[in-house]
Amino acid sequence: MSDPQRDSTSLQEAIDLVELHASAAREPVKLWLLGVIMAVMFLGGMFLWANSGGFSASVYDTGRVTAGKGSGAPTPPPNPRMISRRLYMQNCAVCHQADGMGIPGTYPPLVGSEWVLGQEWHGDNHLVRVVLHGLQGPITVEGRSFNNVMTPWGGVLKDEQIAAILTYIRSEWGNSAPPVSKAFVAQVREETKDRKAAWTQKELQEIPRQVSPPPVPEPTPSTVAAPSPPAG
Amino acid sequence: MNEVSPRSAMQDGRWPRGWTDPLPRLLLWCSASASTWLVAGTVLLIIAGVQVVNPAFLAGVSFLTFGRLVPMGINALVYGWGSLVALAVILYLLSRLGGVTIASARLAYCAIGAWNLALLLGLCAIAAGGGNGLLLLELPPFASVTILLAYVAMAIWGYALFRGRRIPGTFASSWYLVAGMLCFPWLVVTGNVLLVWLPIPGPAQAPVAAWFAGGMMNLWLAPVSLAVIFYIVPQVLGRRLAAYNLSLLGFWSFMLFAAWCGLGRMVGGPVPAWMASVGFVSSFLMIIPVLIAGVNVFGVLKGTSEWTLPLRHAAAGIGAFAGTYLLAAILAVPPVAGIFNFTDIAVAVGLLGLGGFVTLSLGGLIQFILPQFEHRDPLAEKLGSWHLWLTVIGVGSAAVCLVLGGILQGFAQSDPGIVFSHSVDYVMPFRFLALLGFLIFLAGAACLFLRVHRALARYLITPP
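Chains as they are written, first to last, in our numbering: chain A, 784 to 1015; chain B, 42 to 505.
Worth flagging that the hints you see were computed from the coordinates, not collected in a lab.
Don't take each hint at face value.
Subject to a maximum C-alpha distance of 25 Å in a straight line, what follows is the list of computed SDA-like cross-link-like pairs (lysine to any residue) [as the list claims (entries may be wrong)]:
(1) B:343 x A:814
(2) A:813 x B:292
(3) B:343 x A:818
(4) A:941 x A:887
(5) A:813 x B:343
(6) A:813 x B:290
(7) A:985 x B:345
(8) A:941 x B:342
(9) B:343 x A:816
(10) A:813 x B:342
(11) A:813 x B:363
(12) A:813 x B:457
(13) A:813 x B:364
(14) B:343 x A:865
(15) A:941 x B:278
(16) B:343 x A:812
(17) A:813 x B:286
(18) B:343 x A:807
(19) A:941 x B:344
(20) A:813 x B:293
(21) A:813 x B:458
(22) A:813 x B:289
(23) B:343 x A:996
(24) B:343 x A:985
(25) B:343 x A:938
(26) A:813 x B:344
(27) A:813 x B:463
(28) A:985 x B:278
(29) A:985 x A:938
(30) A:813 x B:360
(31) A:965 x B:457
(32) B:343 x A:815
Since we're looking at a predicted model, the values are computed, not measured.
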């Protein structure tokens, strides 16, 4: 097709095209190509033979049909760590990021933070207060200063959920600190029920440090009462 | 006409005495309206894409909401761009491969007019809220019926051209053309009857819908596009396809597996086990026709220096063909489908198929016939070249972004620690980049639109 003006094929060229290919169709087939085709068909056939359920209309993929009343098997309890992670991702990760590193200069990190781990003057009661009512004004985290506002979560999250999130951030990303119990969150919430405004670092520093008691094992909640920490 | 031997037919000249060939003009008119639909459909999908990234965009305009824009865009691309060109291509190529032409294209022109009008009104009905949520079956019944009648009016000539061919024997392109021509009414009638007019019981609808939506691509647009590639390559180079002895196997394996391919989307769905398995196996076995077509085309292209525009189109088209079906095969592997079935990777498969494979191949044939209307127009050549490159770059970059985003999205969706809305947030940057790819594709479509309409205007001002 050297001449672009011409309209494609002349009759002779069309005849040549068909004749050319008619002879080519009788040539021997390349063996490697045939081998690959046979191998692919064999694999496909074996898979179909093993997974077609005899082409019966009533055979379903058992691995996937587990929902519904008839499945019988008891549902395993949800992994509490997964629930905590989900709560963190839903509520906290927007600012503190999924990796807990925050955003330098804007949102403080949770990884290795003395606020989270309860080091120096920081206690568990301070951490719960921050989550319940929020935080504002200049603060210092890991030697760096931040000046931003954290929104209060006390109205959004239940005690149980706050405890789950705090326990999660204290044990994720290499952080290692004891869990925060639901009872402790409830206690701090009760102590601060008249508080409306967000806390500042200065105010928090004036409150004595408290530590959450270790959580009570679930099956015997009534026999062992949580020891009440010293009032402050 | 069958008894005329090739030699005597040749001496008679190209066509019977006194005939002029109306098919290039028919293809020109068809391309003009189809390229308009290509631009319109892409614009609609891009607006929808902007709304995904920024939901406030045009939020108050009811007929431009996401749920209406997407079906409008996809229907415009499939029925307006792909199918309309495919019909004209079937007539044109069957004429060229048979050495015959049609006496009058009056019926065909009426059919194109009716098709365009029905599609326009149908899209307006979708914009007014008349969609039904069944992919590619959203057009209201009056539009579907009109389109089907218009198809019949065109297909009558297709049958006549094939039946009355003067060249004995058939070529691979003719098989694909005739197969596609037979599949279109099968698909449209079955889909509309079983899902829209007399809906079958609920559980059976999902596999039928998957078969139909897959079939519109795999059984209708893909065979015609392959026919174009198999026609252009030996025509331009004057050499035969490299592995033609396997092409019959390639054809039958393509038609057999393509019909079942759509069920690959049902892996993990509430269907009997054999349906999902057949869907996966068919998608996997599509490797065979892809391999055969690839060897056929690239075996000839190897070492060639005549890279004319239609040839480059065909090479890019066969590349997109391989990419589409290999990606679809990977996506249908049951463990992979379990994670990635409902991610942007499925969008990437559709984009590679419709935007890459079909657009490049059919565009190649349009550019193959345009020069006879253009009288050596240097700008037209440039527009055609830009169309090719912008389409390749746009589709390629958008598909890569969608696949990368889809991988992230799939893992995020199957992680119980991540809420669903976040799995969508992770994909946003990739969707934004894919949107840029779509914009490049739109620029390419606009180049094709300009080239076709310039040729049409020149033809109307100075008829030959």
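- When you check the alpha-carbon spacing of residue 343 (chain B) and residue 938 (chain A), does it fall within 25 Å? 70 Å, violated
- Sort out whether residue 278 (chain B) lies within 25 Å of residue 941 (chain A), counting only the CA atoms. Distance ~74 Å between residue 941 (chain A) and residue 278 (chain B) Cα, so the pair is violated.
- Query: Taking 25 Å as the top limit, are the C-alpha atoms of residue 343 (chain B) and residue 815 (chain A) close enough?
  - Reply: 19 Å, holds
- Quick one, are residue 813 (chain A) and residue 344 (chain B) close enough, alpha carbons at most 25 Å? Answer holds: residue 813 (chain A) to residue 344 (chain B) is near 20 Å, not above 25 Å.
- Regarding the pair residue 813 (chain A) and residue 289 (chain B), is the alpha-carbon distance no greater than 25 Å? 14 Å, holds
- When you check the alpha-carbon spacing of residue 343 (chain B) and residue 865 (chain A), does it fall within 25 Å? Violated: residue 343 (chain B) and residue 865 (chain A) sit about 55 Å apart, past 25 Å.
- Message: Does residue 292 (chain B) sit within 25 Å of residue 813 (chain A), going by the straight-line distance between their CA atoms?
- Response: Since the Cα atoms of residue 813 (chain A) and residue 292 (chain B) sit roughly 17 Å apart, the hinted pair holds (cutoff 25 Å).
- Verify the proposed pairing of residue 941 (chain A) with residue 344 (chain B), using a straight-line Cα cut of 25 Å. Not OK: residue 941 (chain A) and residue 344 (chain B) at ~71 Å, beyond 25 Å, violated.
- Message: With the threshold set at 25 Å, check whether the alpha-carbon distance from residue 813 (chain A) to residue 343 (chain B) stays at or below it.
- Response: 17 Å, holds
- Message: Just to be careful, I want the Cα atoms of residue 813 (chain A) and residue 457 (chain B) compared with a cutoff of 25 Å; is the pair within it?
- Response: Violated, at about 50 Å.
- Pair hint outcome, residue 343 (chain B) versus residue 814 (chain A) [Cα-Cα no greater than 25 Å]: Status holds; Cα separation ~20 Å.
- Task: Decide if the proposed pair is consistent with the structure: residue 343 (chain B) and residue 818 (chain A), CA atoms, cutoff 25 Å inclusive.
- Result: Status holds; Cα separation ~23 Å.
Hints 4, 7, 8, 12, 14, 15, 19, 21, 23, 24, 25, 27, 28 from the earlier list are contradicted by this structure; the remaining hints agree with it.
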